[in-house]
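Construct all of the structure, not just a fragment, from the sequences and the given hints.
For the record, the sequence lines run as chains A and B.
All residue numbers for the first sequence refer to this note's numbering, where the first residue is 1 and numbers rise by one.
All residue numbers for the second sequence refer to this note's numbering, where the first residue is 287 and numbers rise by one.
Just so you know, these hints were derived from the structure itself, not from any lab.
Be aware that a few hints might be false.
Capping the alpha-carbon separation at 30 Å, the derived lysine-lysine pairs in DSSO-like fashion look like this [as the list claims (entries may be wrong)]: (1) A:K189 with B:K393; (2) A:K278 with B:K393; (3) A:K252 with A:K178; (4) B:K382 with B:K417; (5) A:K189 with B:K417; (6) A:K278 with B:K417; (7) B:K382 with A:K183; (8) B:K393 with B:K382; (9) A:K183 with B:K357; (10) A:K183 with B:K393; (11) A:K178 with A:K189; (12) A:K178 with B:K347; (13) B:K347 with B:K393; (14) B:K532 with A:K189; (15) A:K252 with A:K183; (16) B:K417 with A:K178; (17) B:K382 with A:K178; (18) B:K347 with A:K189; (19) A:K278 with B:K382; (20) A:K183 with B:K532; (21) A:K178 with B:K357; (22) B:K417 with A:K183.
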Amino acid sequence: MRISASSIPASTAPPSDTVAPASPRSLLGRPRLAGLGPHASDALISALSVLSIIGAWYIGSWTMSERVLPAPHIVAEVLYQAMRSGEIWLDIGITLGRILIAFTIAMTVAATLGFAMGLSHGASVFFRVWIVCFITIPALVIMLTCYMVVGLNDKAAILGAAIPIIPILAINIRDGVKGIDPKLLGMAKAFRASRYQRIFEIVAPQIAPILLASARFGLGLIWKMVLFAELLGRGDGIGYKIEFYYQMFNMKEVLAHALSFLVVMLFIEVAILGTLEKRIFRWRSQ
Amino acid sequence: MSQIVLSNIRKEFGGRRGARSWTALNGVDLSIEVGEIVGILGPSGCGKSTLLNIVAGLDNKYEGQFTIQGKTIEQQIAAGFRVAYVFQEARLLPWKTVRGNVEFALKASQFPVSEWRDRVDRVLELVELTKFAEFYPQQLSGGMQQRASIARAFAIEPDILLMDEPFSALDEMTARHLRQSLLNIWSAFRTTILFVSHNAIEASFLADRIMIMGNGPGGTIREEVSMAGVQRPRSYEDGDLFEKSKAVVNALRNHSGRADLVLA
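Next comes the structure, spelled out in structure tokens:
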């Protein structure tokens, strides 16, 4: 999975070993807060980490003009106003909708490809060229091509955001599928376990963490892609708003909109994926 | 009539795409009575695990005859014949508790759900894991995990139990304890056991008969050592056992083609 590192934004962590995805993956360099639990020292370190980010932002804002890099409290104030007046919610909703559809498409296709490549040598050889091609084409080119081919509409935006992610996730899932323990399958065979038992009690529990790790990784990538696609060819959504305010040299609004989505994604990461992870790995935490 | 009869078994690996083929087994004859414990002893690479996989019905690409009470293994399994396996590693499902792991085997052998609880409790008691029924494998030591895997094997009341170097990953004291408890369980079930080992002392302690295989390629049974003279229940301090195991070590040394071989 090292190939993808060059084609994705530097802020996303590379996927960990897909067989053991329990390691916390940070989103935008922030520690995942789901793992706080009973470990007070972890909580302390996490708090320090958040404070250090805000501190770095303050230091940056002091060295530069407020028009270039406004301080965190100013941005927070702008965001608060936008949330109170309600106008930002519509854009958040639109962008979130696009993210969810693009993510569903990307995960479905990537899972299909990943499983095919992990299980069949022929499929692995056949799709290798496809994967290399699509991982090499810059996301920008894919999005522009989508807008040209499909038209300047939501379908093109969603496709343009989903396609660049698919090869990366497919490789991730393929490696995970290859990592399924053949010894446990051998055990199941020796005890004459039925196909149903092999799929649901041997394979599925090993696949679930792979899919979860890929989902988390994919979500981190896809929201940046959607923002990018909106910036290029849509007239609404957070990405468009960021572009709009950038053209107006209004960095307060640019950062406030970015911050709004950081909060939304952090919520998805901690509340939804974190909970899911805990459920799946109940046996690990015992 | 013997329960299991293997005659003139030959097994070749590879040979595809111009690769050189490897004859793992050549001319293996072996018959096992019901309730007997037979050990296959030999140097690594002599084909003993291959032989075990053939008896387990996991490998059916071989030449020669292999029958269980006159029928093929496929026919026997269709008629309800049960094979259990203990591997070198415990091979427990980490996402299931000890109870869940034993139930996995019961489900695979299609025991009715209503019997699961009693059966699991019984085998866990025999391997002294009653208190750990609701524990996950990773919470147990290696020896306890292997005991759980032995419990899983006996839970289905197998017609034959196959073991592939079941104690070789454990330290000697744990292994001794487990061999002892294996024999305790065996005396409750009287299951036919075929196992593979490279440890002469272990094989002597467990088996009624030991088959000594020569070096590969083309591994075959070179010598049979009967342990019938050693009384059960067995003890490591038994003088007869010690004498017999020396004979086994000697035989193994003669047939492994390495006079300098030192065996633990």
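Which numbered hints fail: 3, 14, 15, 16, 20, 21
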